[in-house]
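Chains as they are written, first to last, in this note's numbering: chain W, 154 to 592; chain G, 4 to 468.
What the hints contain is simulated information worked out from the structure, not anything from laboratory work. Predicted model, so just to flag it, every value in this text is computed and none were measured. There's no promise every hint is true.
[What the hints assert, rightly or not] Dumping the calculated SDA-like pairs for lysine to any residue here, alpha-carbon to alpha-carbon at most 25 Å: (1) K124(G) with E420(W); (2) K362(W) with M294(G); (3) K365(W) with D252(G).
[What the hints assert, rightly or not] Residues from chain G that face chain W, not an exhaustive set, calculated with beta carbons under 7 Å: (4) K71; (5) T73; (6) E76; (7) N117; (8) M119; (9) S129; (10) T132; (11) H140.
[Unchecked claim] Restraint-style ranges between C-beta atoms, simulated for each label pair: (12) N261(W) with L127(G): 46 to 52 Å; (13) H134(G) with F175(W): 50 to 56 Å; (14) E51(G) with N371(W): 15 to 21 Å; (15) N454(G) with C414(W): 54 to 60 Å; (16) P74(G) with Q324(W): 34 to 40 Å; (17) R509(W) with K139(G): 15 to 21 Å; (18) H134(G) with R395(W): 33 to 39 Å.
Beta carbons: idealized from backbone N, C-alpha and C, even for Gly.
The chain contents come next:
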Amino acid sequence: MGRSYFVEESIQNYLLSLSNNFNQKHVTGILIGQTSTARDFIIQAIQTPPKEEPFQNPSKKKGFHLDETDEEWITEHARQVSRMLTGGLAILGVFLIVPPTLSKEASNMLRRLVFAVDTSVTRWKVVKLSEEEVYDRVTVQMCSETKKVNCRTFDVKDPLSSPKPADWKYQNGVSSTWPLLQCNVEVDLRLPVIASFVEQNGLKNWALKMEKCYYLINGQMRDPDKEILEVHKKNSRASAHRECFSIQLLVPLMQDDQGDCMAMVQECSKNIILKGVVHCKAYIHSNKPTVADAVRALKRDLLDTISIRYEMLFEDVFSSNEDERGKGQKIDHALPQRVFVQASSSDILSCDYIFRDETFIEVKERFKEMFDCEVSEDKVDLLQETVSVPAVCPDVEICQEHSSMVLGKNVEKQKTAGVALAIGVALLALAASFFYFSD
Amino acid sequence: MVLEDQGIFCRVRGALELSFSLHSKEEATIQKAITKAVQDVSLQVSSEYFVFNICGSPVFIWPNRNLKITPVEITPDTPCREIQKYIRAEEEESDKRSSRKKDKKRPRDIININLMMEISKSSLSSVPTIHQEHKKHLHVEMNLPIDVVILVQLEQKLGVIVEHLMREICNQLSDMEKSIHKHMKETCIPIPQPFHFLLPEPIGMISVIYPAGVPDDQLTMIRKELHNKFHLPEDRPYLRRANAYHFPDERYKDGYLRSPHLFLSNPNLEDSKLYLVNGVYSYHHYMQDRMDDNGWGCAYRSLQTVCSWFKYQGYTEKSIPTHKEIQQALVDVGDKPKSFIGSRQWIGSIEVQAVLDHLLGITSKILFVSQGSELASKGRELANHFSTEGTPVMIGGGVLAHTILGVAWSETTGQIKYLILDPHYTGAEDLNTILDKGWCGWKASNFWDQNAYYNLCMPQRPKVV
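Isolated chain G, as found in the complex (with noise of 0.2 Å):
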């Protein structure tokens, strides 16, 4: 999929403070005051003394001051396009990636904006007051996380975007306050925190926002709405938490490579299709987490991977788990003694299916193939299973575990090419290495041990939403 609009976004942030204090209890005073609060934030953002700064340049923007700008030879006229000129670039890995991807996935660029206000008034100075007020009373206080994104044109105008942003910024707000009278309960009011989806064309990017704490799985009936309103299927996740947008400038902050297979080239193979896995996961792999399982850790770090997809996906809100994690997991299903806690013992397919029924409730099936050359024939099925299901699968056998991601089938020959993610890797996050050394590619048949027996796990996606 080629971008073929010169479309980038537009993003604002900044944290708005929300305060009022409450002399009772009572919920229609709460609701008052909170309203009252959010005009205050409202006065705020239309004061004149409300500006954008351009992130990483020096143009900052009086949107209610007859759009004041500086520096002076930029004025509401100005295009976007001239505007990027004056941000200061900033060297980021994925730069790096980028010369390997060519022009296959460009992610859009985006220019960040932050909002301030200015303290410093062109007003005469008026002595400073203390103003007191002794009654008992509680105080509350939150920042209102704003985050809007509009996506611009490159030949509009600025004086255009500001306006269009601000008025983002207004509904934002209003839709913030919705949020808060709703989910609100007495004086605990969860923060709403806004979140940004990039469905499918032509709906595009939308924001919705969610009341912080509040896990996934008590906000269903807010997606089941959504989903409605804007079309989408009724069995699988776009609006929850993981499924938000990742911007290309932010950085995971984990650590992990996401998703290395699409930075490879296709495989030679004539007449046939990919079918591969649908969405973003990790790369695990030995020594990783300062663990070392090397020569034991392979079917583990294979399963962290298929773990940390459906956490992608919006599946789980649980964290990928350690090998000791999935050890106690083995325990406490009856399906390992206690000393296997602690121990390098190896596990397989039905241990991993077994792990991921209980520790994310993930079903999945498994397949047997009782020779290494036979697995050439389940081309059908491991291509029927990227389509409808597509998640990464677990493969086991011989003495090796492995991740396939997707194969290449031909229907017509019935060739077929395995992209493999191999967590037998000892080194260090390095994408090209990884990539040029074949720790993540394409193999032939001749990958597999042919006469060894190999199970593989192919878990099944849940049809929710």
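Isolated chain W (complex conformation) (with noise of 0.2 Å):
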């Protein structure tokens, strides 16, 4: 009894169109979608962006094997890409169209790739709220002649697993009646700097806060395990749209048993504190989800937005060049800006983070080499999260530089460890000959 793929229609044509076009030896991607305790879903698929050799090395080796920086490259589009899902949406899995001779190999290419894909992608959650349910992803392998499809799951949680079947259905209008969930939530966090360490709990001990918070939907209080969709609202003809939901979320104010009879007090050489207010998107599948679960696709969007951004300034706020910055000097950053985009065929809304020198153009980049997409101007919502009066920002270079840090998306990363592997293989080319003809 494997699992069941329900696939968005589009993704077929897709992957035929990538098969058709093949005049490499293989072509990889990942999957994108959300998973529910009895089936699966996926509504996107995007191939690995083209890399640039520096060296075109005509392989000489029998067969073909993804060599480490193939990896780097694959798993760092499936980390990018990421961070650009909102709430719900996750990196289920990965495919390989490969050519018939080469299809023995696919399939352990294919698992250590579905592996290394899932380690990136979870790797940078500062919390993991309370636990996913479901830990099996997906690798597919399609054959560039037969255009046949052969799709396996792994428990991405043992690292012994071993493959078992799965079914891929496609599906018109898979996530069309995905129901939204909304909210704008206010952030006010102090990050306590004791002596030069940034104390990290500051923002598990928020993120745990935010776990345990109540919400209220549409304005009321609701059980956890009931449907979110209430039935008769269900089955009305006129529900093929979809539902969007006001979340609203409390903090308790609780009183801890502590016992503590003292304020505390900590020397404290920085004060720093993020303070904002964003906005959080979320989908849940349509396959009788409970409240709670799109609660906490909600909340774990809202966990993923602000550590995102908060570790794309980190190296450079909290960076000890305290001598430079002199004492007593007040500094505001303002956190990237989170813009929403259509990048596939359905509604689903992906996000990206722009800086304040950013515009359209940017986005439109990002997506066409992340998402393999061509986005138009209409697509792209520059408006949810509105940039307040602009505080002073005397460090604007160093934005600069991190923004297109960010937005080169360490593609400049890999072509300079490109160059600089190249360069290596010649060195030590160069070592050897000399060792050869001295004698």
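Take the two lone chains and join them into the complex the hints point to.
Spelled out as structure tokens, the structure:
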């Protein structure tokens, strides 16, 4: 009894077109969707963006294998994309299109990839909300000639797990009735810096508080174990649209029973406060989702959006260049702004983060590379989060530097890595030749 | 005392974070910083995102948003009686007990409310900023334990109740600020803790803020002032921390039964009056605390019951002594040799008197009767003891020790019955068993060994506030 994957119809065409334009040894890519206990949904497939190989080494090796840089490239792409997904959506697996001659090696490669991608995608999360129920991830192998699709799942929590067969079914409008939850959440975090260490607990404690907070769905308290879609609405014909829920989050002001007698006093070298209101979105599948499932997806989106932006500025904000900054200086950094983009045939939105100086152009470029998708201006919503009255940002140069790094999406990094590798190889060859000819 | 009115308690609790940065340790700076920090807390309390949630119910109230309430059927005009229906009933042990009590002393019902802050905003979101300040400083932080109680009538409207609660919260915040300013020393700031006391009518329930960690002994001035203000007697404590009102929904964490005699029906004795222990005590008996003292520990257990009375009435903050601690005390006063500790030797009333004096500073009178049959003639003395001191009495004689919690005595006929708490019980803390089998119950004079002699240890209540 394997898992069943309900796959958006348009993905079939996408995979077919990739296999038809086949001029490489293989095509890899990732699969995006949502799991539920009974079945899984795939709503988007994205091929790995082509890597520029500075030195074309026609492979002399028999068969082929993914070398480390390939694997790094694929997992990095997956990591970047996972940060552009809204709540409820995740990278559920990988696909590989190979010529028939390489189909045997392909299954090994897929296995390695699916584990590597999962590690890369989960590692950056600050706090893992109480537990994912489903750890199965899918590998899809397609033959470039026969176009046949072989679909199997692995339990990524068990490195020794063996593949299980799974169903791969195409369906139209898989996500068209997925309910959408939205919320604007105020964040007010103090991150103490004691001596020169940023207390990591600041963000973790906040995340735990968020996990425990109460919620109201469209202004009402609902039973977490009941289905979020009310039965009478489900049956009506009119509900062939996406239902939107507005969520309110309430933090209980609990007294802890710590038995503290005195106020806590900390010596801090810096005062760092993260403050603002973020927009959160989450989608929940249409297979009998409960209130608890839906709210969990939204809370995950909240935690992810804060930790992504926090990380984007981390090195700059917390670097120890105190001497340069001088005492008493107050500095404000704006975190990147979240924008929402329709990057697939369905109207499920993905997101991106832009710095002050970036516009729709940069977003369009990023989506072309990351999502293999042309995005027109009307599909980009830059207004969900407003940028407040510009605060003093003396470190504009630093911001820009960072933004170009992020813009580069590590493409720059990979390019330099590729060059470095090539140089390394050349040097070695030189040294070797020296050895041989010196005698 | 039957409660005639239909009032119930309404209690709001929550922690409000008070925090501020200090760049110098000068007192003036600190005072100013605290005042400003309290103002910030007040802003939070008056914010439109400040929310009440009635515990165990789907009812949420925004007191500062024109009393917006969910579910929408509830409005500010809804009476309290209607609100109670939304609260999920919780099964409690006290329900089992109350069937025995009939309507003798039913505790008041209570509605608990939790404080919350809504973090979702209806306005447009604004991109977060990180604000950094590179300056060495002290960061001071504490949670103010807001705890406000009011008495409401069932017919009162929710809107009126909420307004009243908000006023009380603001008052408590201001009292807490005063307490902080009064008790702080540089950056050692004790947390201001509210305590509620149910004082005799017509005063009713009052709340007092005490600084955490400061023992009762150091707060005598505050108590004396309050005793004066409320015309309370000067010789018995009403406002020590241990005297705080025990809300019916709060469970005792230690697991001991409290005052089981309250659930007994009165003894049938013609023309008699009841003279009972005045206040709360806990029932201590064989085999408790994983201590197997079956056969030798009865006097120790009776002593524990006596100590518990002094603790709960606020005369001591010390914990109830263990067998070892009792034995150690007797060694310390020179009454027993070192080998006594860890032994299973019995103790008697004289030892009980010595331990009460040494550990708790309590003096006791010893009453000697040469024969058990003589005890019946001590009715007046016992009645007097319970009237003036109201403390439990430890009685030892023959081979047994017991606790006397009161007498039913007829001045005219001289007939007497004794309310006995028996420490020889070895079972679990099951109220029904204890009452049904007479481990706490009324006994006649034939309960005593008519030929043995008895010593009674009658502890005296210190005349302090």
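Right, here's what the structure says about each hint:
1. This hinted pair does not check out: K124(G) and E420(W) have alpha carbons roughly 33 Å apart, beyond 25 Å.
2. At most 25 Å may separate the alpha-carbon atoms for a hinted pair to count; K362(W) and M294(G) exceed this at roughly 41 Å.
3. Distance hint between K365(W) and D252(G) is fulfilled; the C-alpha atoms sit about 24 Å from each other, no more than 25 Å.
4. The interface hint given for K71(G) is broken, as the beta carbon of that residue sits about 9 Å from the closest beta carbon of chain W, more than 7 Å.
5. The interface hint given for T73(G) is met, as the beta carbon of that residue sits about 5 Å from the closest beta carbon of chain W, less than 7 Å.
6. With 7 Å as the threshold, the beta carbon of E76(G) stays out of range of chain W, its nearest partner Cβ sitting at about 11 Å, so the hint is violated.
7. Hint status for N117(G) relative to chain W: holds, with the closest Cβ pair at about 6 Å, below 7 Å.
8. With a least beta-carbon distance of about 4 Å to chain W, the hint placing M119(G) at the interface is held under the 7 Å criterion.
9. Look at S129(G): its Cβ gets to within about 4 Å of chain W, closer than 7 Å, so that hint holds up.
10. Look at T132(G): its Cβ gets to within about 5 Å of chain W, closer than 7 Å, so that hint holds up.
11. A cut of 7 Å between beta carbons decides the hint on H140(G): the least distance to chain W is about 6 Å, and the hint holds.
12. In this structure, N261(W) and L127(G) meet the distance hint of 46 to 52 Å, their C-beta atoms being roughly 51 Å apart.
13. The hinted range of 50 to 56 Å is satisfied by H134(G) and F175(W), whose Cβ atoms lie roughly 53 Å apart.
14. Distance hint check: the CB atoms of E51(G) and N371(W) are about 19 Å apart, consistent with the given range 15 to 21 Å.
15. Look at N454(G) against C414(W): about 56 Å separates their beta carbons, and that is inside 54 to 60 Å.
16. Take P74(G) and Q324(W): their Cβ atoms lie about 38 Å apart, and the range 34 to 40 Å holds.
17. Checked against the hint of 15 to 21 Å, the C-beta distance between R509(W) and K139(G) comes to roughly 31 Å, which is inconsistent with it.
18. Between H134(G) and R395(W) the CB atoms are about 38 Å apart, so this pair conforms to the stated range of 33 to 39 Å.
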